[in-house]
Amino acid sequence: MIQFENVGLRYGLGPEILRDLSFNIAPRSFQFLSGPSGAGKSSLLRLLFLTLKPTRGLITLFDHDTATLSSDSLAVLRRRIGVVFQDFRLLDHLSTFENVALPLRVIGRREESYYDEVAELLGWVGLGEHMWSLPPVLSGGEKQRAAIARAVIARPQLLLADEPTGNVDPQLAQRLLRLFIELNKSGTSVVIATHDIALMDQYDARRLVLHDGYIHVYD
Amino acid sequence: MSTTSLAIAMLRKQLAHMRRSSRPDHEARGDASIVPKDSLAANALAAVVAIMTFLAAVTSGGVAMVIGSANEWQSEVAREMTIQVRPTSGRNIETEVSKAQALARAVPGVVEARAYSREESDRLLEPWLGSGLSLEDLPVPRMIAIRVAKGAAVDTAALRQSLAEGVVGATLDDHRGGIDRMRGMARAAIAGGIGIFGLVLAATILSVAFATRGAMASNRPIVEVLHFVGAKEAYIATQFQRHFLWLGLKGGALGGGAAIVSLILIGRVSDLFVGTAGEAEAAALFGRFSLGFMGYVVVAAEVGLIAAITALTSRHVVIHTLRNID
Chain L
1 MIQFENVGLR YGLGPEILRD LSFNIAPRSF QFLSGPSGAG KSSLLRLLFL
51 TLKPTRGLIT LFDHDTATLS SDSLAVLRRR IGVVFQDFRL LDHLSTFENV
101 ALPLRVIGRR EESYYDEVAE LLGWVGLGEH MWSLPPVLSG GEKQRAAIAR
151 AVIARPQLLL ADEPTGNVDP QLAQRLLRLF IELNKSGTSV VIATHDIALM
201 DQYDARRLVL HDGYIHVYD
Chain X
220 MSTTSLAIAM LRKQLAHMRR SSRPDHEARG DASIVPKDSL AANALAAVVA
270 IMTFLAAVTS GGVAMVIGSA NEWQSEVARE MTIQVRPTSG RNIETEVSKA
320 QALARAVPGV VEARAYSREE SDRLLEPWLG SGLSLEDLPV PRMIAIRVAK
370 GAAVDTAALR QSLAEGVVGA TLDDHRGGID RMRGMARAAI AGGIGIFGLV
420 LAATILSVAF ATRGAMASNR PIVEVLHFVG AKEAYIATQF QRHFLWLGLK
470 GGALGGGAAI VSLILIGRVS DLFVGTAGEA EAAALFGRFS LGFMGYVVVA
520 AEVGLIAAIT ALTSRHVVIH TLRNID
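These protein sequences, in sequence, are chains L and X. 1 is the number of the first residue of the first sequence in this note's numbering; add one for each residue after it. 220 is the number of the first residue of the second sequence in this note's numbering; add one for each residue after it.
Hints should not be assumed to be uniformly reliable.
[To be verified] Example chain X residues on the side facing chain L (calculated, C-beta under 10 Å, incomplete): (1) Pro255; (2) Leu259; (3) Asn262; (4) Ile441; (5) Tyr454; (6) Leu464; (7) Asp545.
[Claimed, not checked] Listed below are the simulated EDC-like cross-link pairs for lysine to aspartate or glutamate, each with C-alpha atoms no more than 16 Å apart in a straight line: (8) Lys369(X) x Glu452(X); (9) Lys256(X) x Asp92(L); (10) Lys318(X) x Glu331(X); (11) Lys369(X) x Glu331(X); (12) Lys53(L) x Asp545(X); (13) Lys53(L) x Asp65(L).
Because the hints were derived from the structure by calculation, they are not lab data. In this text, a Cβ means the ideal position worked out from N, Cα and C, and glycines have one as well.
Required output: the full structure, derived from the provided sequences and hints.
Okay, structure coming up:
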């Protein structure tokens with residue numbers, strides 16, 4: 001599904017922060033992406049999410065060479081990927097329902113066609129009571145679940161999560177992990193970027209470890 | 220589709236409708252725009268647009284008035300000519316004045332040729348010689364004021380020729396020197412007015428463009444999120460362009476409307492002073508405070524232009540932001 005071949009990344013004229021990355025992400029797979037702070041986890045996620053271009057190497061996403069795609073083609077490809085940001089990135093002026101429905105709205109679907117789907121998903125992540133609440137009144141955990149719901153509402157083939165348990169207590173972290181596992185079982189490939197060893201120990205999954213700019217894969 | 224499944228589908232639809240109707244107040248108001256409607260930055264931009272449109276509209280109204288007055292000065296002076304008849308020994312000046320008046324009236328385009336009487340001619344000299352003097356022994360020339368029809372071209376050379384041949388001591392003054400100076404002054408006034416209007420318009424465009432960029436800066440997170448959820452460039456740009464076009468039209472209409480109301484009010488107030496010496500002087504110099512049809516057209520065009528600049532700037536910022544993200 002995703003193939004990295006000798007990918008390198010540097011910002012401007014600075015040193016190369018990601019070097020010779022070669023790995024693949026298979027359909028329906030589950031993996032943790034870990035490494036010390038500053039190892040380049042977020043940069044690698046941005047490469048996976050097509051908001052950064054590598055300075056060298058080849059990235060193949062859903063059988064497309066990303067270097068040759070136009071911005072509109074990249075946008076269409078991006079719809080097959082869901083992202084959970086560390087800082088949630090919910091729009092404060094939109095309700096939880098509208099935030100979650102955003103990926104469906106931007107592809108031109110009318111509210112009548114997705115109302116039930118969004119309401120059902122919000123109920124599933126435990127936000128049924130907060131459908132019309134604005135993000136500023138939600139707790140950190142609720143925001144996190146809203147961000148996850150937005151990432152999966154369009155049934156993406158790949159889910160990327162950047163430190164999804166960074167701001168929540170261990171109990172909620174466990175619940176979120178179960179949520180990701182459920183999503184994976186329903187057919188979505190999952191990549192969770194985290195440096196929470198305890199979280200990784202809870203589930204036996206493939207690990208991609210970044211260190212000194214290189215990636216080490218532990219199947 | 221069977222009757223049962225149709226009934227279930229209708230029931231689901233009804234249930235969905237009931238769920239939707241339980242939305243809180245802000246939803247019932249339709250506050251679901253992707254771009255926030257009432258942010259501080261948007262309100263500040265609307266205020267800037269309104270103020271700048273007001274200034275541009277008032278300037279255009281003032282400049283149109285000055286241009287109209289300048290053209291009026293030119294045409295008014297060009298419509299006047301004077302025949303001067305000097306007394307000559309052995310000739311009855313009244314006869315010569317009558318002959319000159321008749322010659323002037325016979326010229327096509329002349330609507331009036333009024334001869335000043337002896338008393339009126341004497342009064343013309345009072346500012347220089349004072350009143351109470353006996354001017355009977357002085358050879359005071361007599362004047363004939365000629366008024367030409369609006370837009371008519373009088374053959375002054377022919378009139379001058381017939382006066383030279385038929386009236387002793389008569390000369391025609393078509394105020395050519397004065398008209399030339401007036402024309403120069405009018406042109407300077409028009410150029411100055413257009414220059415001031417151009418500067419105000421440029422300042423308006425720049426300030427609105429920069430205010431829009433400022434307002435857009437607070438919307439960057441929205442652009443990014445839309446980009447991340449897979450929205451195409453055109454979709455995001457259109458959302459912002461539509462919002463900012465409406466914002467520009469709202470602010471522009473407010474400023475343009477206020478300018479029109481102000482000019483109408485000034486016109487009404489100036490009407491209260493009609494007949495006073497000061498009003499007559501001001502009217503002669505600057506014209507009447509009235510906008511006219513073209514004035515309204517110009518103000519409407521300014522509102523449209525400023526709204527278009529607001530919309531296009533927001534579009535440009537969105538595209539620039541997206542290129543930066545990628």
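We went through each hint and held it up to the structure:
A least Cβ separation of about 4 Å between Pro255(X) and chain L falls short of the 10 Å threshold, and the interface hint therefore holds. The closest approach between the C-beta of Leu259(X) and any C-beta of chain L is roughly 12 Å, which is over the 10 Å cut-off, so the hint fails. The interface hint given for Asn262(X) is broken, as the beta carbon of that residue sits about 14 Å from the closest beta carbon of chain L, more than 10 Å. A distance limit of 10 Å between C-beta atoms decides the matter here; for Ile441(X) the minimum to chain L is near 6 Å, and the interface restraint holds.
A distance limit of 10 Å between C-beta atoms decides the matter here; for Tyr454(X) the minimum to chain L is near 6 Å, and the interface restraint holds. Evaluation of the Leu464(X) hint against chain L yields a violated restraint, the C-beta minimum of about 19 Å exceeding 10 Å. With a least beta-carbon distance of about 6 Å to chain L, the hint placing Asp545(X) at the interface is held under the 10 Å criterion. The straight-line distance between the Cα atoms of Lys369(X) and Glu452(X) is roughly 60 Å, outside the 16 Å bound, and the hint therefore fails.
For the hint pairing Lys256(X) with Asp92(L), the CA-to-CA distance comes to about 12 Å; that is within 16 Å, so the pair holds. Annotation: proposed proximity of Lys318(X) to Glu331(X) holds, straight-line Cα distance about 15 Å (limit 16 Å). For a cut-off of 16 Å, the pair hint linking Lys369(X) to Glu331(X) stands: about 12 Å separates their Cα positions. Restraint check for Lys53(L) and Asp545(X): satisfied, since their Cα atoms lie roughly 7 Å apart, inside the 16 Å limit.
Pair hint Lys53(L) plus Asp65(L) holds up; C-alpha atoms about 12 Å apart against a cutoff of 16 Å.
In summary, the numbered hints that this structure violates are 2, 3, 6, 8.
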